[in-house]
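> So the chains spell out like this:
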Amino acid sequence: MSVNEIVDELRGSRPRAGDALRLQVLTLASAPQPASPSLRDRLRDRRRLVLALPAAAALAVVAAVAVGVTRPSPAPVASEAIASKATAERSAAPPGAATFAGPAQDAAGAATSKAPAPTTGRAQRYSATLTLGVEDTDALSTATQQALAIAKDLGGYVVSVQYATGDTGAASLTLRVPSGQAATAVTRLSGLGTILAQNVQIDDLQESLDTLDRQVVRLRAQIATLTAAIDRAETAADRARLLERRAQAQAQLQALRANRAATAEVARNATIQLELRTEESSTAPAPGSRLERALDKALAVLAWEAVVVLAILVAAAPLALVAAAVWLTRRTRRRREEERLLAAS
Amino acid sequence: MTLEQPLATRPPRSLAEAAEAHLDDVFGYLLYLTRDRESAEDLTSSTFEKALRLWDRFDPRRGSARTWLLGIARTTALDWFRAEARRRRREEAAALDERVEDVFVEGLSPELEAALTSLSAGEREVLALRIVLELDGDATARVLGISPTAVSTRLSRALKRLEERVNEG
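Sequence lines, in order, name chains R and X.
So for the first sequence, our numbering puts the first residue at 1; every next one is plus one.
So for the second sequence, our numbering puts the first residue at 1001; every next one is plus one.
In short, the hints are calculated from the structure, not lab data.
Treat the hints with caution; some may be incorrect.
[Claimed, not checked] So, partial list: chain X residues that the calculated Cβ filter (under 8 Å) puts toward chain R:
1. Arg1053
2. Phe1081
3. Ala1083
4. Val1105
5. Leu1119
6. Leu1155
[Said to hold, decoys possible] Cross-link-like lysine to any residue pairs, in silico, SDA-like; alpha carbons within 25 Å at most:
7. R:Lys152 with R:Asp167
8. X:Lys1160 with R:Gln248
9. X:Lys1050 with R:Leu26
10. X:Lys1160 with X:Asp1079
11. R:Lys152 with R:Ser141
12. X:Lys1050 with R:Ser345
13. X:Lys1050 with R:Trp327
14. R:Lys152 with R:Ser127
15. X:Lys1160 with R:Trp327
16. X:Lys1050 with X:Pro1060
17. X:Lys1050 with R:Gly18
Predicted, not measured: the structure shown is a model, and the values here were computed from it.
We put the beta carbon where it would ideally sit given N, CA and C, even for glycine.
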């Protein structure tokens, strides 16, 4: 018998299931399918994993974009001109003086600046320069009026106001407020717009006042001594010379008192220089658009997500290799066992 | 009026449809494997029970319903062979041999029947799939979990042995 004859005979005698088996299987196959597999079984399904991977990637991108759009972006960088100005002001400060300078705080201008306060109980000269950006000329007008109101509200007054508008606008205000209210004033004023630059300088005047007080005491004692000597003068010439010296001492005392009063006045009130500018006139370069900042933020979040995923992969790689080796070994052993089983049967 | 597409060219809509079309294939394959009609019938029932549970996982893009059912049948048969081997070892008796029928495929000549019986289950299954059920090389490879080349080699050896045994007898 040839191979072809064998093949023909095998094909011609193809087995057929009996009627009983056919009825049994068809009844079984027509039955409703058992309850759906559990969630665990579903997760085991590789087809769903294939869908899960791009879904996870899409979720990561959506999360990054959402974070980029919703979270406040960092402040735009202040212009080089303003930064240079702040640096110059710091370098110009006399020794022993404290200077606090800072760039813009927040792009939206919603945040206020917490300014340093003068030391209580010591005479100090408090000077602050604040540069704010406002949206347009209407906002400039409103901010100017509010600045005047803040100064008045805190017991201060306006030294000068310069206000100019056109296509763009700018206002320059010099305000004086009681030193005790200086920090509050700076904080409240900084809320009137976007902070572009801020400089606070505090100079200690207490030592100067103490020196002036000591000089006053010494001059008074000198005047008292001269007055006593005038009364005891024996000659007209001596008396005239002592009278002249006492007049000089009295003039010096008067000058010292005036000097002390002026110094005390400086310490009593803080000077705040407020510059308001519309955004168009600001020398600060236009910060990136909201979309650009949101994209930057989203990219940063994506980068972090990539780092986290990479870290997980690095940590999981050895385990995955071991698992793959175990799986391959088991599969090979199972196939060999099946081969033996089929060869022996 | 819509024309019904023949089942041979489209995937079955239900397991009942697949069972109706491929029951004989599954049964024939299992009969060649086990050489025992009763066992083949039991295993056929078990195969379709499993298929019913797994039906929602059947993906026609990954293979035909016939290949899918034969794969399940093979797994079921292997479990049966393992159980039989354990039972034989436990009872120290060739239980399988006792159950082998003289005529397990009706219509074959006695020489061919005897020759088939002398082959191993591995040889009989490749003959069943490639010759009797006329599966192509790729489909047979998917059922057996080996390469198409290995299928071809295995078939060639099985046919050669079968020819030798037939002509010996």
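> Does each hint fit the structure? Answer for all of them.
Results for each hint:
1. Arg1053: Because about 6 Å separates X:Arg1053 from the closest Cβ in chain R, which is inside the 8 Å limit, the hint holds.
2. Phe1081: This hint holds: X:Phe1081 lies near chain R, its Cβ roughly 5 Å from the closest one there, short of 8 Å.
3. Ala1083: violated (11 Å)
4. Val1105: holds (6 Å)
5. Leu1119: violated (10 Å)
6. Leu1155: X:Leu1155 check fails; min Cβ-Cβ to chain R is 11 Å, beyond 8 Å.
7. R:Lys152 with R:Asp167: violated (30 Å)
8. X:Lys1160 with R:Gln248: Distance ~141 Å between X:Lys1160 and R:Gln248 Cα, so the pair is violated.
9. X:Lys1050 with R:Leu26: Holds, at about 14 Å.
10. X:Lys1160 with X:Asp1079: Violated, because 28 Å separates the two Cα atoms, which is more than 25 Å.
11. R:Lys152 with R:Ser141: Distance of about 17 Å is within 25 Å: holds.
12. X:Lys1050 with R:Ser345: holds (24 Å)
13. X:Lys1050 with R:Trp327: holds (24 Å)
14. R:Lys152 with R:Ser127: holds (18 Å)
15. X:Lys1160 with R:Trp327: Distance of about 35 Å is beyond 25 Å: violated.
16. X:Lys1050 with X:Pro1060: Given that 25 Å is the threshold and the Cα spacing comes to 17 Å, the pair holds.
17. X:Lys1050 with R:Gly18: holds (20 Å)
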